[in-house]
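Chains A and B supply the protein sequences, listed in that same order. Going by the working numbering, the first sequence opens with residue 1, and the numbers climb by one from there. Going by the working numbering, the second sequence opens with residue 1, and the numbers climb by one from there.
Just so you know, these hints were derived from the structure itself, not from any lab. Accuracy of the hints is not assured; some may be wrong.
Some but not every residue of chain B turned toward chain A, in silico, with C-beta under 7 angstroms [claimed, not checked]:
#, residue
1, LEU16
2, LYS20
3, PHE93
4, PRO118
5, ASP137
6, ALA221
7, MET226
8, PHE227
9, GLN246
10, TRP247
Cut-off 25 angstroms, straight-line C-alpha distance, at most; resulting in silico cross-link-like pairs (DSS-like, lysine-lysine) [what the hints assert, rightly or not]:
#, chain 1, residue 1, chain 2, residue 2
11, B, LYS105, A, LYS245
12, A, LYS155, A, LYS175
13, A, LYS105, B, LYS245
Every beta carbon over 10 angstroms from chain A, so not counted as near; a handful from chain B, in silico [claimed, not checked]:
#, residue
14, GLY47
15, ASP97
16, ARG156
17, ALA160
18, LYS176
19, ASN182
20, LYS222
A virtual CB, placed ideally from N, CA and C, is assigned to each residue, including glycine.
Protein chains: 2
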Amino acid sequence: MKKLFILGTGPGDLQLLTPKAEQAIAASTELVAYGLYLDLLGDICTGKNRHDLPLGEEINRARLALDLAAQGKDTALVSSGDIGIYAMATLVFELLDRQLQGLEKSPQWLDVDIQVIPGISAMQAGASAVGALLGHDFCTISLSDLLTPWETIKKRIECAAAGDFVVSFYNPVSKKRDWQLNTARDILLTGRPATTPVLIGRQLTRPEQSIKIIQLQDLDAKDVDMFTMVSVGNSESRHIVNGDKQWLYTPRGYAKKLA
Amino acid sequence: MKKLFILGTGPGDLQLLTPKAEQAIAASTELVAYGLYLDLLGDICTGKNRHDLPLGEEINRARLALDLAAQGKDTALVSSGDIGIYAMATLVFELLDRQLQGLEKSPQWLDVDIQVIPGISAMQAGASAVGALLGHDFCTISLSDLLTPWETIKKRIECAAAGDFVVSFYNPVSKKRDWQLNTARDILLTGRPATTPVLIGRQLTRPEQSIKIIQLQDLDAKDVDMFTMVSVGNSESRHIVNGDKQWLYTPRGYAKKLA
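The shape of chain A in the complex, shown without the other chains (with noise of 0.2 angstroms):
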């Protein structure tokens, strides 16, 4: 059976890294993926056959992982986090559709055995670091307006603060974009407190990570980079400091019973 492993490393620490997704590793000779994701890796890919596209090359990158599954390679589609929350999972089954509509001309992937396999997402490693960022409803919202028009964007990040859910920003900025952040900040900001606690987590679960406590009045674009998770608390998440250390949560709504 021809077979394609599609599959997230969750967030950069290998003991985050699931079996599933290690023994999928471990059974492929073929690994596609964006090369940072498998100098993460290590060891486990010695010996691989590595097809490290560049960002941005990410349409070429899952029809490569399903040229080379479709050629009989045990292949394995290799993101870092989630593969299917922001990531490549879903252009692979976008392709797939595309063919079943006659659109592509590729008749043999479709007999590309496909498993995918989660993994850990920055939004999970960025709220366990600090404690339960994300203990009551929350939703994700990319800023990036490459494949989605700012205005379907702008429409959620209202949804997002009309509803009071915990917001993870997903490519909250890139090299050349920068001003959806503040904008997405001040939208919130009508709809909670300026001193809204929100976590700036770079490089998170990496060796050079570092964690920032800060409140919504204060965040700024220019403190953010590709690396950073940014994670909004709702209007009743509560920063609390004990010693030396500090912890975000937020509340699921015990505090009657509590009292």
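Please arrange chain B on chain A, whose structure you already have, making use of the hints.
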């Protein structure tokens, strides 16, 4: 150092238990959990002191975990999924917060070294089992009104509908409560097509797993129980069938580039 691990074990399949969580369990002598979660872990729990309090005893479970750790016993508070997502982590920090405010009488809790370890959540297990349903902006909403007023929940569903988020419903029904899910369906139907694909995933990644893909108009609480994850696509999510395989994915906007 007095140590408390707060960890999630993933959806059930031990291949999705992270090494970090497994090592934390191995390093603990006391495991505090709802018993079913420990049963799912099998041999890993052998020789540990199990403190399995029933459902509904969440506050006592959190207190017990803090108390045991404060006594110097290496302790793990365990849940399935991600313990930071609709699970016990937030309650521990709420108790700490109360102690810091002088509302509890357990200053010894403040000496406990806490580490939170994330896990694969049910929405991720579900989305990956059927492809890439979480491929674009999404939210999670708990339908339990035990701790959150229904008006708050309803408002969030309305915002999720208006923002066209993929929506994962946690706690979709309980033994005593089932009307919220059909109301949620009706609210979402105001903002996306009746044919929007919905994943009904029961006992995800466990031996008894069952997965159904239905249309939003056919979603009915009678087909859902406490072991079920319900994830509703956005207005662009696609259900594709390739021979005896079927998939759900939410596109990210590559269509124009692919055309």
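Hint check results:
{"no.": "1", "hint": "LEU16", "in the structure": "holds, 5 angstroms"}
{"no.": "2", "hint": "LYS20", "in the structure": "holds, 4 angstroms"}
{"no.": "3", "hint": "PHE93", "in the structure": "holds, 4 angstroms"}
{"no.": "4", "hint": "PRO118", "in the structure": "holds, 4 angstroms"}
{"no.": "5", "hint": "ASP137", "in the structure": "holds, 5 angstroms"}
{"no.": "6", "hint": "ALA221", "in the structure": "violated, 19 angstroms"}
{"no.": "7", "hint": "MET226", "in the structure": "violated, 17 angstroms"}
{"no.": "8", "hint": "PHE227", "in the structure": "violated, 18 angstroms"}
{"no.": "9", "hint": "GLN246", "in the structure": "violated, 11 angstroms"}
{"no.": "10", "hint": "TRP247", "in the structure": "holds, 5 angstroms"}
{"no.": "11", "hint": "LYS105/B to LYS245/A", "in the structure": "holds, 20 angstroms"}
{"no.": "12", "hint": "LYS155/A to LYS175/A", "in the structure": "holds, 24 angstroms"}
{"no.": "13", "hint": "LYS105/A to LYS245/B", "in the structure": "holds, 20 angstroms"}
{"no.": "14", "hint": "GLY47", "in the structure": "holds, 22 angstroms"}
{"no.": "15", "hint": "ASP97", "in the structure": "violated, 5 angstroms"}
{"no.": "16", "hint": "ARG156", "in the structure": "violated, 4 angstroms"}
{"no.": "17", "hint": "ALA160", "in the structure": "violated, 7 angstroms"}
{"no.": "18", "hint": "LYS176", "in the structure": "holds, 17 angstroms"}
{"no.": "19", "hint": "ASN182", "in the structure": "holds, 19 angstroms"}
{"no.": "20", "hint": "LYS222", "in the structure": "holds, 25 angstroms"}
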